[in-house]
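*Asks:* Put chain C on the given structure of chain L with help from the hints.
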Amino acid sequence: MRFLARRLGFYLLTAWAAVTLNFLIPRLMPGDPVDLLVARLKGNVDPAAIDAMKRAFGISDAGVWQQYLDYLGNLFHGELGRSITFFPTEVSTIIAGSLPWTVGLVGVATLLSYLVGTFLGVIVAWRRGSWLDGVLPATTFMHAVPYFWVALALVFVFGVTLRWFPVSRAYGLDVMPAFDGPFVSSVLYHAALPAITIVIASMADRILGMRNVMVTTLGEDYVVMAEAKGLTSRRVMWAYAARNAILPNITSFALSLGFVVGGSVLTEIVFSYPGIGSMLLKGVENEDFPLMQGIFLVISLAVLAANLLADLAYVVLDPRTRQEA
Amino acid sequence: MSARHWKRSRTPLRHLPIAAVAALVLAGCSGAPQEKGAAAGGEAPPLVIHAIDAGSFQEDFNPFHLEGVNFGSTGMIYETLEFVNKLKPGESTPWLATKHEWADKGKTLTITLRQGVKWSDGTPFTADDVAFTFDTLKKHPELNTGALDLTGTTVLAPDKVELDFGSTSYAKLYNIVGNRAIVAKHLFEKENPVTFTNPKPVGTGPYVLSAFSSQLYEMKKNPAYWQPGKPVVPTLRFPAYTANAVQSGLQQGEIDWAGAFVPDIDKIYVQGQPETNKYYFPPEGLVSLYLNLTKPAFAKPEVRQAISLAVDRDRIVKVAERDYTTVAHPSGVPMPGGDAYLPPEHKDAEYAVDVAKAKQLLQQSGVNPAELSFTLLVPSPYTDWVNAAQLIREDLAKIGVKVETRGVAFQDWVSKVGKGTYDMTIRGTPGGPTPYSALRTLLDGDLAKPVGTSSSGNYERWKDGETDKLIADYAATDDQAAQEQAVQGLGKIMVEKLPVLPLFYSPAWSQYRTGKYVGWPSEQDPYAMPSPYTSPDAAVVLLHLRPAGT
Chain L
0 MRFLARRLGF YLLTAWAAVT LNFLIPRLMP GDPVDLLVAR LKGNVDPAAI DAMKRAFGIS
60 DAGVWQQYLD YLGNLFHGEL GRSITFFPTE VSTIIAGSLP WTVGLVGVAT LLSYLVGTFL
120 GVIVAWRRGS WLDGVLPATT FMHAVPYFWV ALALVFVFGV TLRWFPVSRA YGLDVMPAFD
180 GPFVSSVLYH AALPAITIVI ASMADRILGM RNVMVTTLGE DYVVMAEAKG LTSRRVMWAY
240 AARNAILPNI TSFALSLGFV VGGSVLTEIV FSYPGIGSML LKGVENEDFP LMQGIFLVIS
300 LAVLAANLLA DLAYVVLDPR TRQEA
Chain C
0 MSARHWKRSR TPLRHLPIAA VAALVLAGCS GAPQEKGAAA GGEAPPLVIH AIDAGSFQED
60 FNPFHLEGVN FGSTGMIYET LEFVNKLKPG ESTPWLATKH EWADKGKTLT ITLRQGVKWS
120 DGTPFTADDV AFTFDTLKKH PELNTGALDL TGTTVLAPDK VELDFGSTSY AKLYNIVGNR
180 AIVAKHLFEK ENPVTFTNPK PVGTGPYVLS AFSSQLYEMK KNPAYWQPGK PVVPTLRFPA
240 YTANAVQSGL QQGEIDWAGA FVPDIDKIYV QGQPETNKYY FPPEGLVSLY LNLTKPAFAK
300 PEVRQAISLA VDRDRIVKVA ERDYTTVAHP SGVPMPGGDA YLPPEHKDAE YAVDVAKAKQ
360 LLQQSGVNPA ELSFTLLVPS PYTDWVNAAQ LIREDLAKIG VKVETRGVAF QDWVSKVGKG
420 TYDMTIRGTP GGPTPYSALR TLLDGDLAKP VGTSSSGNYE RWKDGETDKL IADYAATDDQ
480 AAQEQAVQGL GKIMVEKLPV LPLFYSPAWS QYRTGKYVGW PSEQDPYAMP SPYTSPDAAV
540 VLLHLRPAGT
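Just so you know, the protein sequences line up as chains L and C, in that order.
Per numbering that gives the first Met the number 0, the first sequence runs over residues 0 to 324.
Per numbering that gives the first Met the number 0, the second sequence runs over residues 0 to 549.
Accuracy of the hints is not assured; some may be wrong.
[Unchecked claim] Here chain L is said to cover these stretches of chain C; the calculated rule only asks that three of the stretch's residues, wherever they fall, bring their Cβ under 8 Å from a Cβ of chain L:
no. : region
1   : 49 to 58
2   : 64 to 76
3   : 179 to 190
4   : 207 to 218
5   : 230 to 241
[As the list claims (entries may be wrong)] Taking beta-carbon pairs under 10 Å as the criterion, some of the chain L residues facing chain C (in silico):
no. : residue
6   : Thr88
7   : Gly158
8   : Pro176
[To be verified] Taking CB as the label site, the calculated pair distances span:
no. : chain 1 : residue 1 : chain 2 : residue 2 : range
9   : C       : Asp322    : L       : Ala152    : 26 to 34 Å
10  : C       : Asp322    : L       : Leu135    : 46 to 54 Å
11  : C       : Pro273    : L       : Leu135    : 48 to 56 Å
12  : C       : Lys137    : L       : Leu300    : 41 to 49 Å
13  : L       : Gly180    : C       : Gln270    : 33 to 41 Å
14  : L       : Ala143    : C       : Asp322    : 40 to 48 Å
15  : C       : Pro273    : L       : Leu308    : 55 to 63 Å
In case anyone wonders, no lab produced these hints; they're calculated from the structure.
Every residue, glycine too, gets a C-beta built ideally from N, C-alpha and C.
Chain L on its own, in the form it takes in the complex (with noise of 0.2 Å):
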């Protein structure tokens, strides 16, 4: 228990430390959201009315510690303010409405990549030395290779070329949200690509993470006894060699959830998908601070989260964790 208490802790602090650079990364960049506005609207505001606007988007020349205390209350109240960009619609509801599509993509995607990579992986490691070892040079390469080139050369041979899959957007522009069969199967068609891209850019490395952690661990004593004793060889590939070889596997998986949040705008860019990645993107181009400020709060807080989950897999799949230090 103490050993929990201990990380909860960890886990207040790194929040705090979060929300405060949360606070500050933004303000340190260049320029003023209004000043870019008005760069941008071509001419739809009158120069006079500048300062008017500066008002309407509550952009204070109050102190900074004035501002921190504000931006530390309103979170406490659960409010992210109003973006700038899409004024005056809440910072909270932008979320709300483009976080399901980033979980839901590539998160979906990540555990998809996840267990067939970690599957794969073991595989390997238990027929090294057979053909099978031919697939390591292929995985080396899709490590190597940048995910949007990946990607972009998928949707250049799929989508533009081949045109099997639609190249962008959630969903079809025939279906309206609904939770019924068309707009459902609509969503897969569009995430298939997309998805397809996340799964191959990420597995290679899971395989490869898996593979050398098992090869390590089929040398140990314990392994060697197992299959001394003639347990099936089945048993002793998963209970005895996978169980123990998973561990770092899965420390890797609970970072990877938490970037799912974040590490995704890349995909969401190339496919023009109406996640969370896009809005950021959006958010910094317009230097949005309430939008950007609210999109790194659910980032950070989702990366803790996901190493809070990590700690508490280790405590169940790991003895050596619970005994007391």
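*Replies:* Showing chain C alone in chain L's frame:
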């Protein structure tokens, strides 16, 4: 499945991802998406419009909002009092108002309204609505984007309203009647107009909102619209297109009307069908080379003159701007259309490169050649301006002016140019109802703030008594001839004193297909700005459309 076959696929999971994909594809096919959306039963087809790049939409149809509000709120749903055609300066069409009259030296404006107009919920449109709209601007200064100096409104009759201003407001006419959408009092008075997102808009315009999702919104024709028999296009569809997606949307022919920059328009969009895949890019603003006049070298007119003579604008338009636009008139007045505003003595002025004369002027200026070394700041996302900057660097090297071009982030550029902490830059100035708007933004002494303080115009920091007098002259009169004369004076200063160096006109983007509908604005008939992102012009365009083949 034979046992033998089963055995051969001992690692069936290797095929799992492919199987999963196949399942997804099949699932998708059962939905049978038909993106073309051809209408059944001989009804006129919907028009698919790309107005601005947006990954997704938020549900905001409040015309008081500048950004965040979805395109079409002003024009299609809410209407203005008059329609002012920026392509024909001085031309104005009665809309919700049938006439306006100034009194009290431009401090009182009496507006007579059209009768028989109804809100789409059936309530009659009256002077109360107009008064309420302007009262809202007074009550909430943050919504007053037209910077109107309103002191009060009076309803004189159900179809007559008087607006009172604290100062002479002739020059603000466009901000009053041209781009201020009138809202319904009976619906807006219950809300806070600053934060109200108006998800169920009720307007007087030709369309009503019929469906909304974050990926697409749709408008249907308002059956009770006050212009009989209009609009002809029954349905408008606005899908969310990012900058990437709009290119492929144009390529695949799913967009009927777009306002996008297309890099290689013949290959991506026209595709060998110039008869149906048309485009029209009239001038919408002025892109100029700014020399920071607070730098001693640029304060000398000879240096500015020399630089202007050395820059090959034809080459910039051809190479950097892909011939999508034209070289600006040296007065900065947009052409064609602005003829009446050209200074008579410089009507036929044209730019011509003259390196020898430029060198001679530099010598005369007495500036030490070693000091002629500058940084040309451009926003790196604007690749065409980055190219133009390179060409300018080459041109100026020929006269011994050393230029280092530097591309910076958009935010950084806006900030540096606003504060005046730059040597040279390229920047666009938006046009307006008449050439006065752009020239005032370029030259008004009041807009120039000291270096270090952000300005909202006059970024070169031009201070000149004669200029300020001409700007004041224009604002002090309603007489079109007198206004033209003031602009001519400003044009003369542009040509002779070169406070900024005009390069080319920034084009309004408009790609339109004539397959479904015809009647679009064109060079021969520029009845409105052709871009779908311009309000309320886009609604005027829609009201001009008729089915193809008629």
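*Asks:* With reference to the structure, classify each hint as holding or not holding.
*Replies:* Here's how the hints hold up against the structure:
1. 49 to 58: holds (count 4)
2. 64 to 76: Our answer is that it holds, as 4 residues pass the Cβ test (under 8 Å) against chain L, meeting three.
3. 179 to 190: violated (count 0)
4. 207 to 218: holds (count 5)
5. 230 to 241: holds (count 5)
6. Thr88: Holds, about 4 Å.
7. Gly158: holds (8 Å)
8. Pro176: holds (5 Å)
9. C:Asp322 to L:Ala152: 26 to 34 Å: holds (33 Å)
10. C:Asp322 to L:Leu135: 46 to 54 Å: holds (53 Å)
11. C:Pro273 to L:Leu135: 48 to 56 Å: holds (54 Å)
12. C:Lys137 to L:Leu300: 41 to 49 Å: holds (43 Å)
13. L:Gly180 to C:Gln270: 33 to 41 Å: Given about 36 Å between the Cβ atoms, the range holds.
14. L:Ala143 to C:Asp322: 40 to 48 Å: holds (42 Å)
15. C:Pro273 to L:Leu308: 55 to 63 Å: Once the Cβ atoms are compared, 59 Å apart, the range 55 to 63 Å for Leu308 of chain L and Pro273 of chain C holds.
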